[in-house]
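These protein sequences, in sequence, are chains A and B.
Sequence positions in the first sequence follow the numbering used here and run 1 to 591.
Sequence positions in the second sequence follow the numbering used here and run 1 to 370.
Incorrect hints may appear among the rest.
[Unchecked claim] Some chain B residues close to chain A (C-beta under 7 Å, calculated; not the full set):
id, residue
1, 146
2, 148
3, 173
4, 277
5, 343
6, 366
7, 367
I should point out that these hints are in silico values taken from the structure, not numbers from a laboratory.
Glycine included, each C-beta is placed from N, C-alpha and C at the ideal position.
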Amino acid sequence: MSVASPPRIAVLPSAVADQIAAGEVVERPSSVVKELIENALDAGASSVDVAIEDGGRQTIRVSDDGCGMSPDDAVLALERHATSKIRSAADLVGVRSFGFRGEALAAMCSVSHLELETAPDDGAGTLVRAAGGAILDVSPIARRRGTTVRISRLFYNAPARLKFLRGSRSEWRAIVEVIGSMALTRRDVRVSVTNDGKPMLSLPASATLRERLAAIYGGAFAGRLLDVDDVIGTTHVAGLVERPSDVGTATRRAFLSVNGRAVRDTGIVRAAEAAYRSTIPAGVRPTIFLDVTVAADAVDVNVHPAKAEVRFRDRWPLERAIENAVARALGTFDAGATLGRSHWTFVPPSPPPQALAPVDVEALHPDGPDLEGLFEISNNDTLEPPPSPAAPASAPPPAPTTDVPPLTQLHRTYMLFEHEQGVVLIDQHSAHERVLYERFMGTLERGEAPAQRLLFPMTLHLGPAESEAFERDRELFERLGFEIDGFGGHTLIVRAVPMPHPRFDPERCVRETLAALTGDRDAGVHARHERLAATVACKAAIKGGDLLSPGEMRALYIALRDTKLPAHDVHGRATIVQLTWDEIDRRFGRR
Amino acid sequence: MRFTISREKLQEGLAAVTASIPAKTTLPVLANILVEATEKGIRLSGTDLDIAVTTEVAADVETTGAITIPAKKLSEIARELPPAPVRIAAVGEQRITLDCGRSHFKILGLPRDEFPAFPNVKFNESWRIRSGDLIKLISHTSFAVSTEESRPILNGVLWELRPEMMRMVATNGHRLAKMEMPIKSTGAPASDMIVPPKALEQIRRLFPEDEELEIAKGENHLGFRSPFTAVFTRLIEGPYPPYEQVIPKDNNRVAIADRTALTSALRRMTIIASDQTHRIRMSFNAGMLKFSVQTPDLGEANDELAVRYTGDPLDIGFNANYLLEVLRYIPTDEVRLTFKAPERAATLEPEGWADPASYLCLVMPLRLLD
Numbered sequence: 001m002s003v004a005s006p007p008r009i010a011v012l013p014s015a016v017a018d019q020i021a022a023g024e025v026v027e028r029p030s031s032v033v034k035e036l037i038e039n040a041l042d043a044g045a046s047s048v049d050v051a052i053e054d055g056g057r058q059t060i061r062v063s064d065d066g067c068g069m070s071p072d073d074a075v076l077a078l079e080r081h082a083t084s085k086i087r088s089a090a091d092l093v094g095v096r097s098f099g100f101r102g103e104a105l106a107a108m109c110s111v112s113h114l115e116l117e118t119a120p121d122d123g124a125g126t127l128v129r130a131a132g133g134a135i136l137d138v139s140p141i142a143r144r145r146g147t148t149v150r151i152s153r154l155f156y157n158a159p160a161r162l163k164f165l166r167g168s169r170s171e172w173r174a175i176v177e178v179i180g181s182m183a184l185t186r187r188d189v190r191v192s193v194t195n196d197g198k199p200m201l202s203l204p205a206s207a208t209l210r211e212r213l214a215a216i217y218g219g220a221f222a223g224r225l226l227d228v229d230d231v232i233g234t235t236h237v238a239g240l241v242e243r244p245s246d247v248g249t250a251t252r253r254a255f256l257s258v259n260g261r262a263v264r265d266t267g268i269v270r271a272a273e274a275a276y277r278s279t280i281p282a283g284v285r286p287t288i289f290l291d292v293t294v295a296a297d298a299v300d301v302n303v304h305p306a307k308a309e310v311r312f313r314d315r316w317p318l319e320r321a322i323e324n325a326v327a328r329a330l331g332t333f334d335a336g337a338t339l340g341r342s343h344w345t346f347v348p349p350s351p352p353p354q355a356l357a358p359v360d361v362e363a364l365h366p367d368g369p370d371l372e373g374l375f376e377i378s379n380n381d382t383l384e385p386p387p388s389p390a391a392p393a394s395a396p397p398p399a400p401t402t403d404v405p406p407l408t409q410l411h412r413t414y415m416l417f418e419h420e421q422g423v424v425l426i427d428q429h430s431a432h433e434r435v436l437y438e439r440f441m442g443t444l445e446r447g448e449a450p451a452q453r454l455l456f457p458m459t460l461h462l463g464p465a466e467s468e469a470f471e472r473d474r475e476l477f478e479r480l481g482f483e484i485d486g487f488g489g490h491t492l493i494v495r496a497v498p499m500p501h502p503r504f505d506p507e508r509c510v511r512e513t514l515a516a517l518t519g520d521r522d523a524g525v526h527a528r529h530e531r532l533a534a535t536v537a538c539k540a541a542i543k544g545g546d547l548l549s550p551g552e553m554r555a556l557y558i559a560l561r562d563t564k565l566p567a568h569d570v571h572g573r574a575t576i577v578q579l580t581w582d583e584i585d586r587r588f589g590r591r
Numbered sequence: 001m002r003f004t005i006s007r008e009k010l011q012e013g014l015a016a017v018t019a020s021i022p023a024k025t026t027l028p029v030l031a032n033i034l035v036e037a038t039e040k041g042i043r044l045s046g047t048d049l050d051i052a053v054t055t056e057v058a059a060d061v062e063t064t065g066a067i068t069i070p071a072k073k074l075s076e077i078a079r080e081l082p083p084a085p086v087r088i089a090a091v092g093e094q095r096i097t098l099d100c101g102r103s104h105f106k107i108l109g110l111p112r113d114e115f116p117a118f119p120n121v122k123f124n125e126s127w128r129i130r131s132g133d134l135i136k137l138i139s140h141t142s143f144a145v146s147t148e149e150s151r152p153i154l155n156g157v158l159w160e161l162r163p164e165m166m167r168m169v170a171t172n173g174h175r176l177a178k179m180e181m182p183i184k185s186t187g188a189p190a191s192d193m194i195v196p197p198k199a200l201e202q203i204r205r206l207f208p209e210d211e212e213l214e215i216a217k218g219e220n221h222l223g224f225r226s227p228f229t230a231v232f233t234r235l236i237e238g239p240y241p242p243y244e245q246v247i248p249k250d251n252n253r254v255a256i257a258d259r260t261a262l263t264s265a266l267r268r269m270t271i272i273a274s275d276q277t278h279r280i281r282m283s284f285n286a287g288m289l290k291f292s293v294q295t296p297d298l299g300e301a302n303d304e305l306a307v308r309y310t311g312d313p314l315d316i317g318f319n320a321n322y323l324l325e326v327l328r329y330i331p332t333d334e335v336r337l338t339f340k341a342p343e344r345a346a347t348l349e350p351e352g353w354a355d356p357a358s359y360l361c362l363v364m365p366l367r368l369l370d
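Please construct the entire structure, taking both the sequences and the accompanying hints into account.
The following block contains the structure:
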């Protein structure tokens with residue numbers, strides 16, 4: 001057995017080192033596209049054209065109308081760690097440009113044929129040709145202001161990489177992802193893309209996220225999304241999210257930008273999704289597009305070479321802020337299901353985003369723009385009478401300070417009213433369920449339940465599974481206001497009951513709740529609370545088919561408006577459906 | 001059918017009957033009034049199938065006959081007619097003409113056969129009760145019936161008729177009202193009936209206080225009759241809950257309070273009490289009743305009232321609306337409240353009531369949290 005002499009350690013030649021480093025930045029054509037577009041944006045481009053051939057395996061060309069470079073800079077730009085974006089390590093804190101590491105061009109150059117055309121002004125420009133990291137020639141040319149970088153034969157000298165490239169369609173899809181995300185981040189920039197010479201995407205500069213989304217995915221899609229706009233502390237959360245009633249009906253998309261930089265962050269996405277809890281069925285995920293703006297020094301973007309991830313100095317408050325902001329958007333009556341396309345003009349136009357500006361806390365509205373919800377949400381809660389569900393006829397009418405539109409009951413199931421944007425239908429059972437759910441959740445958490453003693457205690461005979469369900473949740477039932485004695489075997493005596501509304505039927509409620517909870521083994525305390533509150537709310541709520549008096553409808557309307565998530569019931573169904581004038585007009589052939 | 005009737009008599013008859021006509025119905029003929037012309041005069045009847053009201057008014061009948069006419073339209077016409085005799089004549093089975101002065105109407109109706117038959121109640125074995133006594137029981141108890149549909153028994157008023165006395169009881173399971181009074185023996189057998197409050201309301205509305213009513217029970221109907229007017233109602237079937245058992249006998253804490261002052265204090269407290277539960281706290285001490293109420297997100301309130309109280313101090317919670325409601329019906333200036341414990345029934349009775357009747361209300365407490 002012969003022992004080979006151990007290999008000697010040697011410093012790698014710079015070409016090899018560059019290729020290794022290139023692997024971190026440039027892994028596939030889409031990363032080239034990303035780096036080049038970022039450079040273009042950092043150069044202050046207002047228009048970016050991308051041309052792709054063969055999924056980027058053949059050629060990638062990105063042109064911009066940015067500031068361009070002088071001949072000397074053009075040559076220097078291909079060197080490693082050459083950058084105009086930072087000067088010292090201190091600049092890394094709060095860096096606002098997309099790039100700053102000075103690696104991208106050098107890395108790309110080392111694994112491809114590269115042509116760089118650039119001109120700081122219209123007229124005299126420079127053409128640099130390079131291959132495999134070596135500059136082949138530099139010549140003067142005439143061109144418009146801006147820079148065009150053309151990368152061809154990517155990975156021609158890195159067979160290991162080349163082997164791992166996917167088919168051209170797959171690479172093209174990855175490129176589209178990257179361009180889409182850049183286009184959403186910088187909505188003020190015109191973007192056009194061609195693939196094998198065919199125009200694929202042409203996005204004009206847009207003032208709002210909604211306009212940009214409409215250009216990418218279509219107006220119908222963009223029109224259905226809900227506005228999020230909220231400032232909590234130094235965090236500004238803006239964007240668009242899907243209506244809960246639409247969740248699961250189309251491809252789920254998630255886009256997140258932090259301080260104008262597209263990032264992936266499961267924590268933030270999870271926080272946004274948490275706001276949907278109890279409004280959508282488990283297992284489906286909502287589409288979200290969020291711009292998060294935090295103080296520039298609260299976030300570290302220098303974590304990952306591709307900068308797809310960022311690190312926050314303080315993650316918890318941020319996630320809570322995001323959950324609150326999204327919940328607030330879902331909490332408007334607007335968040336209900338719509339039939340037909342909703343009005344665009346409904347959304348107040350917002351100024352073009354200044355994606356790279358740091359947060360100016362003073363300038364941010366503490367309340368966000370007025371969403372013009374169906375309910376003019378007043379922050380002045382003290383002026384409003386407390387919600388009174390289905391007030392008995394003898395109760396004094398609610399104070400006239402609240403504007404409740406005239407309500408009509410349809411089919412003994414829905415309440416209908418007219419609104420500026422159309423006709424709104426509220427499902428009375430779902431609505432009451434939501435009202436009671438939030439009240440019961442509060443009750444479970446505070447344990448503050450009024451219990452009305454019964455003159456004639458009710459006797460319930462239960463099956464074994466139901467008694468087991470009762471024993472498990474006994475304490476929670478008591479917190480809700482039931483006083484229940486076991487009476488040996490499977491017999492219960494109910495001595496006191498809560499009185500959530502005058503039509504409440506406690507016997508049926510207990511019986512049906514226990515039947516529904518049978519076999520339920522949710523372990524977490526919060527989950528059990530939610531489950532019980534939802535079940536009791538469902539069973540205690542007025543049903544479809546119950547005739548409501550005008551007073552009861554008023555009270556329900558007010559109570560629903562005061563809930564956190566009025567537009568959705570606890571099963572994820574819609575509580576509110578809007579039929580827009582647009583849709584009605586269309587059906588009558590008026591437009 | 002042809003008759004002439006004074007405008008006033010027609011209005012009077014219609015006013016008695018139209019209240020029994022259902023506002024919405026699936027059976028078209030129920031929206032109509034049955035008009036029968038007999039030798040004695042005309043008889044007007046209406047029903048919603050639960051309650052039927054029929055009344056006779058004097059008229060000059062030329063030919064007898066019967067027809068049904070839309071109740072609402074006929075009442076509206078009667079209200080607007082000029083002061084002159086009204087001539088009504090049937091034209092065929094389903095149309096009438098109505099003439100009054102220079103006014104002329106033709107109204108479409110429905111044949112008499114479509115009108116439902118009246119419940120079969122025989123008045124040969126009947127109780128005779130002064131309507132004033134009946135109305136007194138009704139107005140002190142029927143407010144307490146349940147409006148919730150899950151226990152139909154509690155939607156009615158229990159009426160116990162005994163040879164020497166009669167009693168009415170109503171409850172919704174949270175509070176109860178009971179009144180009884182002696183009556184003269186009438187010979188009819190003792191009976192317990194559960195009567196819909198809607199029917200009792202008609203009794204109160206239709207019969208003057210000093211009329212002697214004949215009351216008889218059919219299969220599952222009850223009939224009330226005065227010489228001209230009769231009311232029939234379906235009875236609610238089933239055993240009434242054993243209310244005697246829940247009326248406390250050993251309440252050993254007693255407070256006597258001024259009814260008006262207690263009412264005012266409670267009304268002040270309800271302003272701050274939760275809209276949902278109306279819960280207030282009452283603390284009884286020797287000579288003093290303290291009220292307090294705290295509602296999250298709203299505020300709190302306190303009040304005091306001098307009362308005559310005997311027994312150990314007591315803290316108890318109530319739905320203030322239930323107390324206020326009961327106090328409205330207490331016929332005396334002072335009210336006597338009795339208690340046992342914070343989770344046991346409280347009673348309210350008139351204090352110093354010189355009346356042959358006796359009245360007791362019972363209110364179940366609300367749980368207090370400390």
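Evaluation of the provided hints:
At a threshold of 7 Å, the smallest CB-CB gap from residue 146 of chain B to chain A is about 10 Å, leaving the interface hint violated. The interface hint given for residue 148 of chain B is met, as the beta carbon of that residue sits about 6 Å from the closest beta carbon of chain A, less than 7 Å. Look at residue 173 of chain B: its Cβ gets to within about 5 Å of chain A, closer than 7 Å, so that hint holds up. Of the supplied interface hints, the one on residue 277 of chain B holds, with its beta-carbon coming within about 4 Å of a beta-carbon of chain A, less than 7 Å.
Taking 7 Å as the C-beta cut-off, the interface hint given for residue 343 of chain B holds, the closest approach to chain A being about 6 Å. A distance limit of 7 Å between C-beta atoms decides the matter here; for residue 366 of chain B the minimum to chain A is near 5 Å, and the interface restraint holds. Hint on residue 367 of chain B holds. Least Cβ distance to chain A is approximately 4 Å, under the 7 Å limit.
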